[in-house]
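Use the sequences and the hints to build the structure in full.
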Amino acid sequence: MQVIISNQSKEPIYRQIYAQIKKQILTNELKPGESLPSMRQLAKDLNISVITTKRAYEELENDGFIYSIVGKGSFVCEQNNEMILERKMKVIEEQLLSAIQNSKEVGIELEELKELLTLLYKEDT
Amino acid sequence: MMENVIELQHVYKAFKGFELKDLSISVKKGFVTGFIGGNGAGKSTTIKLIMNLLKPDSGTISIFGMDYKKNEKEIKQRIGFVFDSNIFYENITLAEMKKIIKPAYRKWDDTLFNQYIDMFELPLKKNLKTFSKGMKMKASLTIALSHHAELIIMDEPTSGLDPIIRSELLNILHNLMQNGERTILFSTHITTDLDRIADYITFIHNGQHIFTKEYYKIEEEFAIVKGGTNLLDRDTEQEFIGIHKTNHGFRALTANKQRTKNIFGDTVIIEKPTLEDIMLYTKKGEERC
Amino acid sequence: MLNLIRKDMILQKKTLPFMLLFLFVYLFVNVSTSWVAIVFCIVIIMNAFQTDETSSANLLLNSLPYTRKEIVSSKYIGALIFIFLTLLTIFIGNWMIHREIMQWEILLFITSIVMGLISFAFPFSYLFNSKYLLIGFGGVFVVYMVTLSFIPNLNDRVRELVQTVLSLDNSLFYLGIILSVGLLYVLSWILSIRIYSRKVF
Numbered sequence: 069m070q071v072i073i074s075n076q077s078k079e080p081i082y083r084q085i086y087a088q089i090k091k092q093i094l095t096n097e098l099k100p101g102e103s104l105p106s107m108r109q110l111a112k113d114l115n116i117s118v119i120t121t122k123r124a125y126e127e128l129e130n131d132g133f134i135y136s137i138v139g140k141g142s143f144v145c146e147q148n149n150e151m152i153l154e155r156k157m158k159v160i161e162e163q164l165l166s167a168i169q170n171s172k173e174v175g176i177e178l179e180e181l182k183e184l185l186t187l188l189y190k191e192d193t
Numbered sequence: 428m429m430e431n432v433i434e435l436q437h438v439y440k441a442f443k444g445f446e447l448k449d450l451s452i453s454v455k456k457g458f459v460t461g462f463i464g465g466n467g468a469g470k471s472t473t474i475k476l477i478m479n480l481l482k483p484d485s486g487t488i489s490i491f492g493m494d495y496k497k498n499e500k501e502i503k504q505r506i507g508f509v510f511d512s513n514i515f516y517e518n519i520t521l522a523e524m525k526k527i528i529k530p531a532y533r534k535w536d537d538t539l540f541n542q543y544i545d546m547f548e549l550p551l552k553k554n555l556k557t558f559s560k561g562m563k564m565k566a567s568l569t570i571a572l573s574h575h576a577e578l579i580i581m582d583e584p585t586s587g588l589d590p591i592i593r594s595e596l597l598n599i600l601h602n603l604m605q606n607g608e609r610t611i612l613f614s615t616h617i618t619t620d621l622d623r624i625a626d627y628i629t630f631i632h633n634g635q636h637i638f639t640k641e642y643y644k645i646e647e648e649f650a651i652v653k654g655g656t657n658l659l660d661r662d663t664e665q666e667f668i669g670i671h672k673t674n675h676g677f678r679a680l681t682a683n684k685q686r687t688k689n690i691f692g693d694t695v696i697i698e699k700p701t702l703e704d705i706m707l708y709t710k711k712g713e714e715r716c
Numbered sequence: 050m051l052n053l054i055r056k057d058m059i060l061q062k063k064t065l066p067f068m069l070l071f072l073f074v075y076l077f078v079n080v081s082t083s084w085v086a087i088v089f090c091i092v093i094i095m096n097a098f099q100t101d102e103t104s105s106a107n108l109l110l111n112s113l114p115y116t117r118k119e120i121v122s123s124k125y126i127g128a129l130i131f132i133f134l135t136l137l138t139i140f141i142g143n144w145m146i147h148r149e150i151m152q153w154e155i156l157l158f159i160t161s162i163v164m165g166l167i168s169f170a171f172p173f174s175y176l177f178n179s180k181y182l183l184i185g186f187g188g189v190f191v192v193y194m195v196t197l198s199f200i201p202n203l204n205d206r207v208r209e210l211v212q213t214v215l216s217l218d219n220s221l222f223y224l225g226i227i228l229s230v231g232l233l234y235v236l237s238w239i240l241s242i243r244i245y246s247r248k249v250f
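Residue numbers (this note's numbering), protein chains in the order written: chain H, 69 to 193; chain R, 428 to 716; chain F, 50 to 250.
Since the hints were made in silico from the structure, they are not lab data. C-beta: ideal position from N, C-alpha, C; glycine also. There could be a bad hint or two in this list.
For each label pair, taking beta carbons as the anchor points, the in silico distance ranges come out as [stated by the list, open to error]:
1) M493/R - N148/H: 24 to 32 Å
2) Q99/F - H437/R: 37 to 45 Å
3) D494/R - I184/F: 47 to 55 Å
4) H437/R - A87/H: 51 to 59 Å
5) S485/R - V192/F: 43 to 51 Å
6) P590/R - P105/H: 26 to 34 Å
7) D494/R - T196/F: 51 to 59 Å
8) D693/R - E154/H: 33 to 41 Å
9) E102/F - K552/R: 22 to 30 Å
And the structure:
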């Protein structure tokens with residue numbers, strides 16, 4: 069498992085860890101059932117405090133990416149791809165909705181918004 | 428179900444010209460707590476109270492859930508300590524020092540002791556007087572770690588040490604924390620040492636407990652705000668703990684990042700604070716009042 | 050607590066044999082045995098006391114799993130051991146050099162004087178600092194030497210006085226001395242624990 073953290077980043081360190089592990093789970097680099105390093109080991113390896121890795125693991129667990137067994141450690145959850153997709157879609161929907169609302173407030177037309185979306189989408193990749 | 432290894436409740440202690448006021452602090456088991464505060468804030472006094480080198484005028488102190496009045500020896504059996512000054516006898520060797528201290532502890536472990544001696548490359552047969560500051564700290568740490576202490580209390584262990592030794596020390600502390608049974612209380616004014624190791628930060632100022640927080644919460648709650656002085660008025664100034672104004676703008680510390688963001692929006696720059704910022708602006712804020 | 054006494058022995062390791070040897074040699078120079086013994090006892094005991102008087106030593110001892118009561122008690126018991134060692138050396142020395150068995154009355158006399166002095170010196174030093182004590186002792190010594198130059202036979206007179214006291218053939222009298230010195234020592238011990246418990250490091 070690769071985790072690279074930046075101290076300069078605006079993003080809190082536990083968010084960085086969370087995002088990187090999550091990405092590796094979603095891309096199947098970390099296989100279901102695979103064990104993660106203990107949070108104390110990871111803290112030591114990354115040279116950060118235990119509470120930071122603890123927070124990252126807790127959030128991963130809350131969001132259903134990993135599970136922990138007391139005394140044994142943390143493992144990658146069996147991923148239900150459909151569920152993940154569904155969950156993601158819902159988030160995207162919400163975000164788009166708020167974008168639409170904002171657009172309406174200032175009178176941006178649908179065409180204009182679509183153009184913007186296309187532009188941003190291409191830019192990001 | 429988090430257990431507190433150290434618990435101070437409403438502790439009051441007065442000296443000539445200095446007092447600790449109603450100090451209530453707890454230190455959680457299995458974590459590293461960084462203890463910060465300026466010179467004369469009461470860090471050393473608090474540590475001495477925790478070690479029973481001082482007795483509080485009022486309030487209670489409990490260590491491992493026990494009380495010094497009844498269980499002094501039992502408590503101290505389980506504590507390892509490192510002070511900023513050398514507290515060993517100067518005219519003897521480290522081997523002799525070990526001979527003196529070893530019988531005091533039930534769980535003394537010679538193998539462990541020798542491991543640290545090897546790791547730190549400390550001479551056993553040389554007079555302690557000839558040790559450099561870094562060597563003295565390492566010797567102190569070796570003794571503190573050789574009896575399987577559950578609580579390690581360090582008063583300014585890194586002061587006056589070079590970055591390499593400080594980094595070595597932090598690595599050792601990381602190793603110690605692996606089994607989750609150990610607790611470390613670490614006072615320092617070199618706050619950058621804490622970035623890498625501290626789980627909780629306890630901040631005291633002028634004998635008063637300002638806060639104890641998870642390290643990451645500090646970044647979430649506190650922020651350094653920079654902007655033009657025209658943004659400041661009596662109301663907006665209330666948002667800040669301390670403000671530093673110049674002809675070119677202001678820099679201030681807020682304890683409520685989100686609210687400050689809502690108030691000022693994009694008119695200000697918001698940055699991550701360092702522990703030093705927090706110490707500095709708390710002092711500034713007080714001067715203003 | 051025995052560890053604490055052993056600690057004093059380790060710390061005195063370099064000076065103690067040297068001191069005892071010096072004492073042994075001193076016996077050749079036929080001065081008053083009692084006088085020499087008393088001075089040596091006090092010097093050794095106060096030397097051990099002083100090593101633990103610095104704030105760093107207090108910090109160390111009180112951070113180790115010892116109670117303040119034990120720290121003080123170790124000094125009182127240690128003092129008795131140092132007295133015993135000194136007397137043993139003198140006893141053996143006297144026997145080897147002068148082929149004479151020392152009178153037990155003299156041993157009792159030395160022990161009583163040393164214990165009496167310690168009974169004052171320890172609480173005083175816990176309360177203030179032993180360095181003032183040494184200044185005091187030094188002063189007394191100087192005064193004594195000066196008086197000696199005015200009254201040349203002062204030493205003899207003191208010796209005479211001691212002899213008269215020792216020749217008092219009254220076991221009740223000795224018992225009284227033992228009891229009162231013992232009582233003084235114990236009271237001083239309790240007082241020292243009281244003082245030391247309230248100390249701030």
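Looking back at the numbered hints, which does the structure fail to meet, lowest number first? Hints 1, 3 and 4 are the ones this structure does not satisfy, whereas the remaining hints hold.
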